[in-house]
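Heads up: the sequence lines are chains E and S, in that order. Numbered as in the working numbering, the first sequence ends at 293 without a single skipped number. Numbered as in the working numbering, the second sequence ends at 538 without a single skipped number.
In short, the hints are calculated from the structure, not lab data. It is possible that part of the hints are untrue.
Claimed, not checked - Using 30 Å as the maximum straight-line C-alpha spacing, the simulated DSBU-like pairs for lysine-lysine come out as follows:
hint	chain 1	residue 1	chain 2	residue 2
1	E	264	S	384
2	E	264	S	436
3	S	510	S	436
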Amino acid sequence: MTRILRSIIAGAAVASLAGVAAAGQTGRQAPPRLPDGQPDIRGHWISDAAGGAHSVEDGRDPDADVIQGRVDEKNPILIVEPADGRIPYQPAAAARRQQLLRDIFTPTRREHVDPHIRALLDGVPRNNYVPGEMQILQVPGAVVILYESNHSYRFIPLDGRPHPSAQVKLWMGDSRGRWEGNTLVVDVTNFNEETWIDSHGSFHSDALHVVERWTPAGADRIDYSVTLEDPKVFTRPWKMAFAINRNRDRNYEIWEDTRHEGEKDVEGILAAGRKEKAAGITGIHEHRREGRQ
Amino acid sequence: MRESLLLSIVAAALVVIAPLSAAGQSLPRASDGKPDLSGIWQAVNSAAWNILPHGAEAGVPGGLGVVEGNEIPYTPAAAATQRANYANRAKLDPETQCYLPGVPRATYTGLPFQIVQTPEQISMLYEFDHTVRNVFMNSPHPKGPIEFWMGDSRGRWDADTLVVDVVHFNDQTWFDRSGNHHSEALHVIERYSLLDRDHINYEVTIEDPKVFTRQWKMSMPLYRRVDRDMRLLDYECVAFNEALP
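Looking at chain E on its own, in the form it has when it is part of the complex:
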């Protein structure tokens, strides 16, 4: 009796696992599954797109490339939609963005300085393309992302619970996930208005709605794409895409990255900006568009 009972239960378990696997077929190599049925994307990962933290429209800073000797390297642009690779700002938003680029040229107040430099949280999706690793943990019913940069984290429930009230504003937004086959789809809302999408003052409002798609492609790559919509700032949804690669050092550990505790740059940046402004120097932060045909 006991043996029969065991084999019935085992048989049922195999059948349900097979059903999950079949439902997950998308034509790509199917990733291994965890006991709760989630595709296994655990591990340490690093995005291909860290240069996009400077500008999602123009890629890495060409001045920094000269200093770092990387002028001949590929400089991928993150925006895949619209085709012109520019953020589709509404007219008023485009004007504000131009003003931010002038403020970045001669910053005189803290809000003229990139929040990333000010050791504030990067928000989503920017945390996925600032320099630094990310570690993905998976537990029953949730995916957890630990970012090296500024020790930020996201806990992403998969149980279908709703976003909190829109009155709750969060630096990293509120992430809710679900698996569509092998793709982790994360819906992110409840943003504040404080984070930038890059160092070029690319901004959004608290109406920002982000949808991320994390699709494993083989054991060591995730194809990541993200759609941003914000009816207060953009004329239409736009999309970025890049690869996220596995760090195959199995012994890697994320150690403490103390951004605020060691922050000494902002006062210097502001002092320089104020001095230039007082001397009548003004301008706009811009450079020729690198890496595009």
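Could you slot chain S onto chain E? The hints should help.
Frame of chain E, contents of chain S only:
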């Protein structure tokens, strides 16, 4: 016929077994059999202000204290430092600068924290300053000297208790808002014992030969936040400080 009878016996047995096993096994357990500490927890006490017994003041709730024996065994010099810290706490408390709170202070800031438990790594996510601790299980501390704000945490299971050994601190963090302090030689041993589904007994042993004449202990319960749709929010102290005039 016989098969369908068997199936219904099995089905009935499963229905009966499920509640029985829940009742018979008081602790929720993870898939590896260890007590499951996953969830959102919070200390409910006034240790954030003062880990020692204290009466109430304006804006400060009174507290019975969380230190065993109600005494911190400072050396005379270290006791003088604590008194000076207390006198100048408005300026000197690292919390007012939004610095990472250190261990064990992160546990009882008054804000909740979340435990994410896997067999190899237990991560603790704190609402205050989006602080994170990664507790690496069954692995040695890296060779020092290293000075982390939150220390280097290595964990192991001692029967049903999670024991976390923490070293490699800096000397910048405090234990509370009353200037209780330590040096970079601090060694913290935390013990997390699940009492039932919703309570952890949290016990901490503190050693620091540069500051204390002997080791000492604090302990407190941690309570599970059972609020509907509970999630950690954010407390971005850095941004609040920026906004100050």
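Between residue 264/E and residue 436/S, is the straight-line Cα distance small enough, at 30 Å or below?
28 Å, holds
Agreement of residue 510/S and residue 436/S with the hint, judged by alpha carbon distance not exceeding 30 Å
With Cα atoms ~26 Å apart, residue 510/S and residue 436/S stay inside 30 Å; holds.
Distance restraint between residue 264/E and residue 384/S, which requires alpha-carbon spacing of 30 Å or less:
19 Å, holds
Going down the numbered hints, you'll see the structure goes against none, and every one checks out.
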